[in-house]
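Participant: The primary structure of each chain is shown beneath.
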Amino acid sequence: MTMNLTNKEPIVGYQRQDGRVGIRNVIVIAYLVECAHHVARRIANFFPEDPVHVIGFSGCYPNAYADKMMNALCTHPNVGAVLLVSLGCESFNRNRLLENIRSSGRPVHLVGIQERGGTANAMQEGKTFVSEALEHLKGTSRAVLPFEDLIVGVVSGGSDATSGLTANPAAGKAFDYIVEGGATAIFENTGEMIGLEDHMAARAVTEELGEQIKAAVHKAARYYSVMGHGSFAPGNAEGGLTTLEEKSMGAYCKSGSAPIVGLIKPADRTGRKGLYLMDIVPDGEPRFGFPNPNDIAEMNELIASGAHCILFTTGRGSVAGSAISPVIKICANPETYQRMRGDMDINAGKILYDQATIEEVGKEIVQKIILTAQGQPTCSEALGHQEFSLSYKSFEPIGPACLPSV
Amino acid sequence: MKIHPNDNVLVVKREIAEGEIIQINGESVRFGKKIGLGHKIAEIPISKGERVIKFGIPIGSATTDILPGDHVHLHNLQSDYIPTYTHDNEFNK
Numbered sequence: 001m002t003m004n005l006t007n008k009e010p011i012v013g014y015q016r017q018d019g020r021v022g023i024r025n026v027i028v029i030a031y032l033v034e035c036a037h038h039v040a041r042r043i044a045n046f047f048p049e050d051p052v053h054v055i056g057f058s059g060c061y062p063n064a065y066a067d068k069m070m071n072a073l074c075t076h077p078n079v080g081a082v083l084l085v086s087l088g089c090e091s092f093n094r095n096r097l098l099e100n101i102r103s104s105g106r107p108v109h110l111v112g113i114q115e116r117g118g119t120a121n122a123m124q125e126g127k128t129f130v131s132e133a134l135e136h137l138k139g140t141s142r143a144v145l146p147f148e149d150l151i152v153g154v155v156s157g158g159s160d161a162t163s164g165l166t167a168n169p170a171a172g173k174a175f176d177y178i179v180e181g182g183a184t185a186i187f188e189n190t191g192e193m194i195g196l197e198d199h200m201a202a203r204a205v206t207e208e209l210g211e212q213i214k215a216a217v218h219k220a221a222r223y224y225s226v227m228g229h230g231s232f233a234p235g236n237a238e239g240g241l242t243t244l245e246e247k248s249m250g251a252y253c254k255s256g257s258a259p260i261v262g263l264i265k266p267a268d269r270t271g272r273k274g275l276y277l278m279d280i281v282p283d284g285e286p287r288f289g290f291p292n293p294n295d296i297a298e299m300n301e302l303i304a305s306g307a308h309c310i311l312f313t314t315g316r317g318s319v320a321g322s323a324i325s326p327v328i329k330i331c332a333n334p335e336t337y338q339r340m341r342g343d344m345d346i347n348a349g350k351i352l353y354d355q356a357t358i359e360e361v362g363k364e365i366v367q368k369i370i371l372t373a374q375g376q377p378t379c380s381e382a383l384g385h386q387e388f389s390l391s392y393k394s395f396e397p398i399g400p401a402c403l404p405s406v
Numbered sequence: 407m408k409i410h411p412n413d414n415v416l417v418v419k420r421e422i423a424e425g426e427i428i429q430i431n432g433e434s435v436r437f438g439k440k441i442g443l444g445h446k447i448a449e450i451p452i453s454k455g456e457r458v459i460k461f462g463i464p465i466g467s468a469t470t471d472i473l474p475g476d477h478v479h480l481h482n483l484q485s486d487y488i489p490t491y492t493h494d495n496e497f498n499k
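These protein sequence lines are chains E and V, in that order. Under our numbering, the first residue of the first sequence carries the number 1, and numbering increases by one thereafter. Under our numbering, the first residue of the second sequence carries the number 407, and numbering increases by one thereafter.
Keep in mind that a hint or two might mislead.
[What the hints assert, rightly or not] DSS-like, lysine-lysine: derived pairs with alpha carbons at most 27 Å apart: (1) V:K408 x V:K454; (2) V:K408 x V:K419; (3) E:K363 x E:K273; (4) V:K408 x E:K350; (5) V:K439 x V:K454; (6) E:K214 x E:K68; (7) E:K68 x E:K219; (8) E:K350 x E:K363; (9) E:K68 x E:K350; (10) E:K350 x V:K454; (11) E:K350 x V:K440; (12) V:K439 x V:K408; (13) V:K419 x V:K440; (14) V:K419 x E:K363; (15) V:K440 x E:K363; (16) E:K138 x E:K127; (17) V:K419 x E:K350; (18) E:K368 x E:K273.
Since the hints were made in silico from the structure, they are not lab data.
Sequences are here, hints too, so could you generate the full structure?
Facilitator: Structure (structure tokens):
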């Protein structure tokens, strides 16, 4: 079954100088070390009704991954202007970040707390910049975002046994429609695909890419074994899931059935349109702890790779949103939906009651993506959710086999 | 509901009450405890050490003999890859 995506109202977004088009026009306030977090938050608090989102990196030691993430996020198509908040003595390469944002054509300003003489002065200066940037953004050029240029990511969080029966297969169906429509979709969490690597490799467009996918899953299995346990939270078990393999199979169906055209790492840009797998597990010896300590970090990595919006499937009931890109919450469990409906955009649990098919919910999700891209706020956006999480990781760059040109 | 024809477990689509009697393949099974939505029950006998099959793939191995209608969960099923962490694990005591 295919989905007719033509004859729809166009998506009118925000034109950026690099040619990309955003679906939001957000001002990012980025702290460059935890010591500057409070000042960044207080500046944002002056603008409770405006799209002013706080992101940042808490570490004072330098990290190439965090640097790449911050540069990618601050130049994301949904971002219109950036305020950098620096303490002054941290190791983050603030000058390069400032220069990259400036050369992307966005209004940007750096506030150094030490240079400005402390908290109060830094807050005042930041507030002035954000006020001016909000005025400036009213004049951002609008442009049509063709459906084929959309990038959608998917994560799951707070999974239970219904996730693999309703929300995840429906998200997978939505991914099939997105790829059929010529757009780009990214799924992730190789740690939740342990045991499924052969099946996934068979979906790769080239044999070499298949080998890379297998290697990525084997790396994940080893990494999680060293960490002591897998990607499995106690709530998963209360919801009826018993083992990681079981959770894996339920999670994997989020990817749908399209061929896999590439394997990327966090903050890598996608190339040709189609379905991508993101390898989120660090390379080399396990060093900084769990690959992604929470669901938020996973979303932020997909956003750094250009995702305009995120599908988030949940059974137990996550309420998380994200900074920068809207999050569409797909609730797998009909009982959870009744209890937490204010947080849920899509009720996939009705599939269990035979009130809708997986295909129908898949189409409902695609329609919701289009409405969201046209500017309609999702539940988590309307509730003010702007979660952000970024911690230390280390990656080797991807090789040519990961992005085949065929 | 049975997800895949090769499965040896069923998934509960609505909560089963304590004492409820349900037909599984023509046999009446009385449930001694409540079974929550999404949890698994055995459709056929599964011997200790045998693979538990859901979605058509093994999701772990039985750690005890399991009878039709038995709740299949942490007490009788373990991962073949990585141990499962719960709030009752030794780690939390």
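Participant: A separate judgement is required for each hint: does it hold in the structure or not?
Facilitator: Status of each hint after checking the structure:
Pair hint K408 (chain V) plus K454 (chain V) holds up; C-alpha atoms about 22 Å apart against a cutoff of 27 Å. The hinted pair formed by K408 (chain V) and K419 (chain V) meets the criterion: a straight-line CA distance of about 10 Å does not exceed 27 Å. For the hint linking K363 (chain E) to K273 (chain E), the alpha-carbon distance of about 20 Å falls within 27 Å, and the restraint holds. Of the pairs offered as hints, the one joining K408 (chain V) and K350 (chain E) holds, with about 17 Å between alpha carbons and a cut-off of 27 Å not exceeded.
Among the hinted pairs, K439 (chain V) with K454 (chain V) is consistent with the structure: their alpha-carbon atoms are about 22 Å apart, no more than 27 Å. With a C-alpha separation of about 25 Å, the suggested pair K214 (chain E) and K68 (chain E) falls inside the 27 Å cut-off, and the hint holds. Taking the CA atoms of K68 (chain E) and K219 (chain E), the gap is about 22 Å. The hint holds against a cut of 27 Å. Restraint check: the Cα-Cα separation between K350 (chain E) and K363 (chain E) comes to about 14 Å, which is no more than 27 Å; the hinted pair holds.
Between the alpha carbons of K68 (chain E) and K350 (chain E) the distance comes to roughly 41 Å, so the proposed pair goes past 27 Å and is violated. Taking the CA atoms of K350 (chain E) and K454 (chain V), the gap is about 36 Å. The hint is violated against a cut of 27 Å. At most 27 Å may separate the alpha-carbon atoms for a hinted pair to count; K350 (chain E) and K440 (chain V) meet this at roughly 22 Å. Note on K439 (chain V) and K408 (chain V): the hinted pairing holds, with a Cα-Cα distance of about 21 Å set against a maximum of 27 Å.
Restraint check: the Cα-Cα separation between K419 (chain V) and K440 (chain V) comes to about 13 Å, which is no more than 27 Å; the hinted pair holds. Distance check on the hinted pair: K419 (chain V) and K363 (chain E) sit about 23 Å apart at the alpha-carbon level, within 27 Å; holds. Taking the CA atoms of K440 (chain V) and K363 (chain E), the gap is near 35 Å; set against the 27 Å cutoff, the hint is violated. A distance of roughly 17 Å separates the Cα atoms of K138 (chain E) and K127 (chain E); the hinted pair therefore holds under the 27 Å criterion.
For a cut-off of 27 Å, the pair hint linking K419 (chain V) to K350 (chain E) stands: about 11 Å separates their Cα positions. Of the supplied pair hints, the one linking K368 (chain E) and K273 (chain E) holds, its CA atoms being roughly 21 Å apart against a limit of 27 Å.
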